[in-house]
Amino acid sequence: MSSEALFTTHDIGKVYGTNTVLQDINIRVWPGEIVGLIGENGAGKSTLLKIIAGVEEPSMGTMQMNGQNFRAGSMLNANESGIGMVFQEQSLINNLTVAQNIFLGREKQFSKGNFIIWSKMNAAARNVLNAMGLEDISEKAKVRDLSFAMRQMVEIAKVFDIVSAASNNHALILLDEPTTVLSDEEMVVLFDKIRQMKQRGNAIILISHRLQEVLEITDRIYVFKDGKLTAEVETQHADEAILYEKMVGRETNSEYFVSDRQTVPAQEAVLEVKDLSMFGSFKNVSFNLYKGEVLGLCGVEGSGKEDVCAVLCGDQAKTHGAIKVHQRKVDFKSPSDARDVGIISVPKNRREDGIIDILSLAENISVANYQKNAVYRLISNKNQRENAKHWVRSLGIRCSSVNQRIINLSGGNAQKVIFARVLDSECPILVLDHPTRGVDVGAKGDIYALIRSITEKGGSVLLMGDTLDESLGLSSRILVMKDGMICGEFDCPADNKPEQVDIVRLML
Amino acid sequence: MQFISGIGDELHIENTLPHQLRRSILTKQEDIWMELFRKRNRSSQTIAEEFVQKVENEARSNLIRVYAPITLLVGMTIFFSIYDSHFFSLKNILNILQQMAVPLILATGLSFVLLIGRIDLSVEGVMGFVGSFMALLILNDRNANDFGFWGVLIPIAIGIFYGLITGILHVKLRIASFIITFATGTIIKGIAILLYDSRAARVQEQWMTDWSMMSFLGIPLITWIAVAFFLVCSIILNYTAFGRAVYAIGDNEAAARASGINVERVTVKAFVISSTAAALAGFVALIRLKFGQASLGDDQMFPCITALVIGGASLSGGRGGTLQTIVGILIYMELLNFLTIIGVDANYKKALQGIIIIVAVALTLSRGRKTIAK
Amino acid sequence: MRGFSMWKRDGDFSLNELFKRNSFILSAVLIIGVFSVINPKFLSLYSLQNMSLEIAPLLPMACGIGFVLYSGSIDLSIGAVASVACVIAGTYVTETGHWIILYMVLFGVVAGLINGSLIAVLKLPSFIVTLCAQSVWRAMAIIISKGSSNTIPIKQRWIVNWATDKFLDFPVILWISLALVILCLVIERKTELGKSIFAIGANEKAARLAGVHTIKIKILTFVLCSTGAAIGGIMYAYKLKSSVPTIGDNLYMMAISSVALGGTLFSGGSGSVLRTLIGVISVMAISSGMNMAGVNPLWKDVVFGCVLIAAVAINSEKGGRSLIIK
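Chains as they are written, first to last, in my numbering: chain A, 1 to 508; chain B, 1001 to 1374; chain C, 2001 to 2326.
One chain only, chain A, in its complex shape (with noise of 0.2 Å):
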């Protein structure tokens, strides 16, 4: 390894309106080195691979490419100094060729006039599979056609041929959850084919939730919390103890979720699960919920916990299993009918899924629950507001007015003119998806002491927490997802919160 790191960032920061995602994060990349970040979710990681390729902008913080500055607002610029993504979501065209895919944008250099000559193309992208140890994937073939893991490589040998042109090997790729959609030995080839990469000269940065494997290829680790770097370590020098140590941390702040208020559930059982399947998801995951109760669902990305949570509040459709709310077997189709039989959710994305953001607040928080402020079928506006404004006061809604456009409030105040909904909706089952999102501290602990209230007369919850701290904290009861189905269950009393690491370690 040579002395001069290929690139290094210095106190780079992100802030999303109020809310610190980033903070003073300096990393330093060597050519021929593979380091890796981990984290929970949400830590940040995914969020400082974004910056460096580009296709977010820091909001603090310089960056060095090659010992020069630079700042990388668009992909076009991060791709011209030698940095390159592979996303975790699809970016490849599935109606054309593995050819055309990996020279998109790019197809002067086989073009005569204005005429490509696919020979050329073709056989140029033949060389670039066959560099990459990609024989058995035809450059001819539909992207549509391949399975993803043939995807995923298509998509690591564009990025790393429009990279290596501009930095003659010594480029910086960056891996955000490769392995997620890999079985077993592709995983091994996909490692080779990293191995391959760094021998060359290229540094890596890779993602990824499973230790085994960050262990096995890494030669460095950068652990992420809250947003900040908590470790730096050697992997030679770390093991899977080590890490979870460093990433979870200590202290579970039981002031901070108002633990003493934690409701210990009743014996009766508000929603029975039993054997519920999504083909391709999850499967045979049974439980019950009982009233009062906080369940707690974990797990990572691909665990299948997401899934569980939409079938239930009618999002999505199951495959197989039943679902019993009150003792009585229901069958939804839609949200609509899950809100009728007494389960609705808080979204995990408020933006797309959550606010109406033309309508008013009085409008947001109604929607739900429309008959609720109707006479006769008339729903009277004025009833509506009046309504809007008892929760903004029990609530604590930050607004000039009921009847403004709720796209101008903030994080934590959109967030709790959704629970005002869902509160409205009279459910006693909620279905809470990340619920402090992108909110701010002080927001954070009114929708803490929210949730304690609504467990305190008597609505039940299935929590899906933003942090493995804040699932602790709040619930009385967790289990653990692990691969699709359900591995583990810890019992959360207040007095006697189990350690993170224990369920950290069944999670990965």
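To be clear, the hints were calculated from the coordinates, so they are not data collected in a lab.
There's no promise every hint is true.
Below, a sample of chain C positions facing chain A; criterion: calculated Cβ distance under 10 Å [said to hold, decoys possible]:
(1) GLU2192
(2) PHE2198
(3) ALA2199
(4) LYS2205
(5) ALA2206
(6) ILE2215
(7) LYS2216
(8) GLY2269
(9) SER2270
Cβ coordinates follow ideal geometry from the N, Cα and C atoms, glycine included.
Model the placement of chains B and C on the given structure of chain A, informed by the hints.
Then chains B and C, alone, in the frame of chain A:
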């Protein structure tokens, strides 16, 4: 094969196979087999495998969708020929070829717009304008004009330019394509109507009359023109970066933009191609009818959309292309021709068109789990 | 009056909200311009009565398609549905009497159910479904009428004359239309249906997750639209005292222009029938203004095409750069 010796067998046999072998064998089994197998053995696959299976199933149904239209075409041809012997006669085939010219040109142009997920409702207006304006510029029985070559070129040029305007308005003003093209189409047809406040103009150019009757190798000249245009557009679509960009934008506009493709420019170009097709179609229609009038383009666009969709093009973009266009047009022309042969009234034909395209769209639409159709 | 407070406050509806849409100002200018500058005779009772005869049948159609636009979809078949209704009403009113009105309203409901089911249940794009519906209904109108208009014989005109008779100085159908406008207003502002329609248009995903029954509501939207179109068609038959199979050919353009001129955005989620009312009046003002100024009626298409582009262009779209407009 030993590992699947019966439906009721326990899965532990399967589980002892090496992972790789298991997967490659499983994917070669019949779907029905797998379904039965899976249903009896709940724990037959891990989630990762199920996920892969899901993707493969999707790929399979895609394949069916791709080959369905051409199977339909072949089937139809055979059926119609058997049902009515006149269908496959030389005279009828020539008939179909003649009538095919205008729809083929229009559909070729429209396919570009459809591929990027937009619609162009202005083609009828452009066609009507070009045809009628041209009729007034060349030798005709309503005025003393005789601009000859320029009389042909100028209206076509205006038609092409009009597509440029439409495209720019759509892109710059960010107005949905179905609104802006509806408006611009209405305007240009209105201009055509203004040129024609009395009767239609009969064209008196000799070469035009000749052209309308000429044929090479038995195929009418106008059909050759249509085929030539079709081939040129196919080359553009399949052999240029622009063509690839069109497909890319239709499939995933965000990814295309991230790859450096200038989405606005490609969009405008697509509309220009569409209006060029409309202009050319107006010219060809004029040759056929030898009458210029503003309603030259009326009721022409809908059959083309029908043809394209039946052929496999998608209204949300990303699917379609030259093969689809030709197959679709042939299916449509055969159907129309057949209906005429068996004596279906013109208006019933139109009603039938509407019903057929709905069925075709319903069958060919690829619906994601959570599609929001607007 | 209670209705007044109802529209003074919520969202899109307050007075200053109305003015925030540029095309609303354009409409106001157009109306005032036509009324006062071009020809003062415009304000005479006779001319206003004539205009109201033009406005009355267009109103239900524009209100109907308004609902579809609030939910973010489109319905191209309204003209054709109106044609069918006009043809059947005009042809058979002499035989069935007033029952024909009920039958045609039912027809509108059925046409809307067909559209709505294909769009909401099968998830087909509304554009193509209604384009096909338009083709089918247009052909039906011509088939039923055997290709020509049929005037109601003078001796039997009594059965339809009441529609154009004056009540309080204005034709009866105008009052009916205004009553329908008020009904639409109530639906919009005070029913679960109306509010759900706006919610779906503003953000269908969020509305769905919040428990709005998107399929049912969308079907009802198209039912409202086609029923409005059918009512318009009936009114045209009563007004013209004949069945006209091609009456609907221009109506889509008129209805869309009315909605655009009133300031309702095509992206969905906002709008109001009062805007549409102003829009319809503007459209008629343009139309009548053209007549009064002696403009060749063949300019109509060109003028309205430009008006439509202008009206849509000058309204500020809510989507930022990231919204993909197709």
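Could you work out which earlier hints the structure fails to respect and list their numbers in ascending sequence? Result: no hint breaks.
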